[in-house]
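Visitor: Make the full structure from the sequences, and use the hints.
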Amino acid sequence: MASSCPDDSLGDGDSDVDTSISSASGVQNGSATDKVPDRYGFMGGSQYTRPDMYQTLSASVLRKRELKWLDMLENWDKYMTKKYKKVRERCRKGIPPSLRARAWQHLCGATALLEQNKHKFCELESQSGDPRYVDDIRKDLHRQFPFHEMFMNRDGHGF
Numbered sequence: 001m002a003s004s005c006p007d008d009s010l011g012d013g014d015s016d017v018d019t020s021i022s023s024a025s026g027v028q029n030g031s032a033t034d035k036v037p038d039r040y041g042f043m044g045g046s047q048y049t050r051p052d053m054y055q056t057l058s059a060s061v062l063r064k065r066e067l068k069w070l071d072m073l074e075n076w077d078k079y080m081t082k083k084y085k086k087v088r089e090r091c092r093k094g095i096p097p098s099l100r101a102r103a104w105q106h107l108c109g110a111t112a113l114l115e116q117n118k119h120k121f122c123e124l125e126s127q128s129g130d131p132r133y134v135d136d137i138r139k140d141l142h143r144q145f146p147f148h149e150m151f152m153n154r155d156g157h158g159f
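Heads up: the sequence shown begins at 1 in our numbering, then just goes up one per residue.
These are calculated hints, taken from the structure and not from any lab test. Here a beta-carbon is modelled for each residue, glycine too, at the ideal position from N, C-alpha and C. Treat the hints with caution; some may be incorrect.
Listed next, the in silico BS3-like pairs over lysine-lysine satisfying Cα-Cα at most 27 angstroms (straight line) [claimed, not checked]: (1) K64 / K82; (2) K68 / K83; (3) K78 / K93; (4) K120 / K93; (5) K82 / K93; (6) K68 / K86; (7) K64 / K83.
Restraint-style ranges between C-beta atoms, simulated for each label pair [stated by the list, open to error]: (8) K64 / R132: 48 to 54 angstroms; (9) K82 / R138: 43 to 49 angstroms; (10) L114 / E66: 46 to 52 angstroms; (11) R154 / Q116: 33 to 39 angstroms.
Guide: Printed below as a string of structure tokens:
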């Protein structure tokens with residue numbers, strides 16, 4: 001398995017993965033699925049995420065929200081201490097998809113924990129896990145995420 005610790009950067013979780021819908025579909029475990037994963041990595045397209053359920057915003061409104069969120073994320077401590085109601089209001093309006101990963105890291109406190117424990121993940125990743133738990137996790141992955149691209153094949157990235 002490839003290491004997840006190439007450097008000390010925290011990254012924003014955004015990727016340039018093509019999330020276009022494919023007309024090609026196959027059958028996986030008796031269920032029709034798309035061969036291209038949706039934006040969250042699940043095979044099955046609209047079976048799991050239905051874009052028509054969400055209100056579509058104009059590009060200009062979405063861009064304005066992104067800029068506001070970028071400013072808020074850059075000045076997170078100030079917003080959480082002095083402008084908490086603004087954070088709550090913006091969350092309720094919706095986090096722009098391009099910033100969702102970064103926003104959730106800040107909202108749940110992971111950014112602060114990552115900063116306090118910069119090298120802890122790499123240290124833990126280099127250790128071997130208890131075989132009892134590793135075996136249980138491996139047995140469960142295909143049941144928990146049968147249509148996720150990382151866990152569909154035994155040789156996939158997530159195993």
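Visitor: Taking the hints in turn, state whether each one holds.
Guide: Outcome of the hint check:
{"no.": "1", "hint": "K64 / K82", "verdict": "holds (22 angstroms)"}
{"no.": "2", "hint": "K68 / K83", "verdict": "holds (13 angstroms)"}
{"no.": "3", "hint": "K78 / K93", "verdict": "holds (20 angstroms)"}
{"no.": "4", "hint": "K120 / K93", "verdict": "violated (35 angstroms)"}
{"no.": "5", "hint": "K82 / K93", "verdict": "holds (20 angstroms)"}
{"no.": "6", "hint": "K68 / K86", "verdict": "holds (11 angstroms)"}
{"no.": "7", "hint": "K64 / K83", "verdict": "holds (19 angstroms)"}
{"no.": "8", "hint": "K64 / R132: 48 to 54 angstroms", "verdict": "holds (51 angstroms)"}
{"no.": "9", "hint": "K82 / R138: 43 to 49 angstroms", "verdict": "holds (47 angstroms)"}
{"no.": "10", "hint": "L114 / E66: 46 to 52 angstroms", "verdict": "violated (23 angstroms)"}
{"no.": "11", "hint": "R154 / Q116: 33 to 39 angstroms", "verdict": "holds (36 angstroms)"}
In summary, the numbered hints that this structure violates are 4, 10.
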